[in-house]
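**Student:** From just these sequences and the hints, can you work out the full model?
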Amino acid sequence: MIDTNIWSHLQRRTTQALVAKFANLKPGQTYLSPVILGEMETGFLKGDRAPHRRIALDQIIGSCQMLTVNRHVAVEYARLRAQLEQAGTPIGPNDTWIAAEALHHKLVLVTDNLREFSRVPGLQVESWL
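According to my numbering, the residues represented by the sequence shown are 1 to 129, in order.
Treat each hint with caution, since some may be false.
What the hints assert, rightly or not - Computed cross-link-like contacts, EDC-like style, restricted to lysine to aspartate or glutamate with a CA-CA straight-line distance of at most 16 Å:
#1 K21 / E126
#2 K21 / D112
#3 K106 / E126
The set of hints was computed from the structure by calculation and includes no laboratory data.
**Tutor:** Written out as structure tokens, the structure reads:
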């Protein structure tokens with residue numbers, strides 16, 4: 001699963017290594033969370049709304065398998081949120097949902113936000129930057 005900040009770096013083509021990683025992915029190998037999609041759509045709406053950005057966002061959406069939030073993900077979210085709050089190491093609500101989805105579906109989360117997500121026990125994270 002690819003986090004919002006990685007998609008942002010890809011759109012800006014900040015590093016050739018990141019662009020190369022994406023070029024080597026097979027179709028259906030990337031997953032998109034509705035929470036991440038919501039963050040990306042918000043960024044688009046708050047930005048300049050340039051037509052090329054809409055096209056790029058639609059290409060991202062079309063290249064990914066869309067996950068859904070179901071009862072099992074909601075239970076994972078609640079368990080994770082309670083665990084992190086009790087440990088005194090909470091993360092933001094959107095990031096908790098993202099982590100819950102990755103854990104439930106047993107996916108690696110590719111993110112540049114290692115500081116937040118490293119607090120989540122059992123979550124596999126990678127940074128491609």
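**Student:** Run every hint past the structure and note whether it holds.
**Tutor:** Status of the hints after comparison with the structure:
1. This hinted pair checks out: K21 and E126 have alpha carbons roughly 12 Å apart, not beyond 16 Å.
2. As the CA atoms of K21 and D112 are separated by approximately 15 Å, the hinted pair is consistent with the 16 Å bound.
3. Restraint check for K106 and E126: the C-alpha separation of about 14 Å stays at or below 16 Å, so the hint holds.
Going down the numbered hints, you'll see the structure goes against none, and every one checks out.
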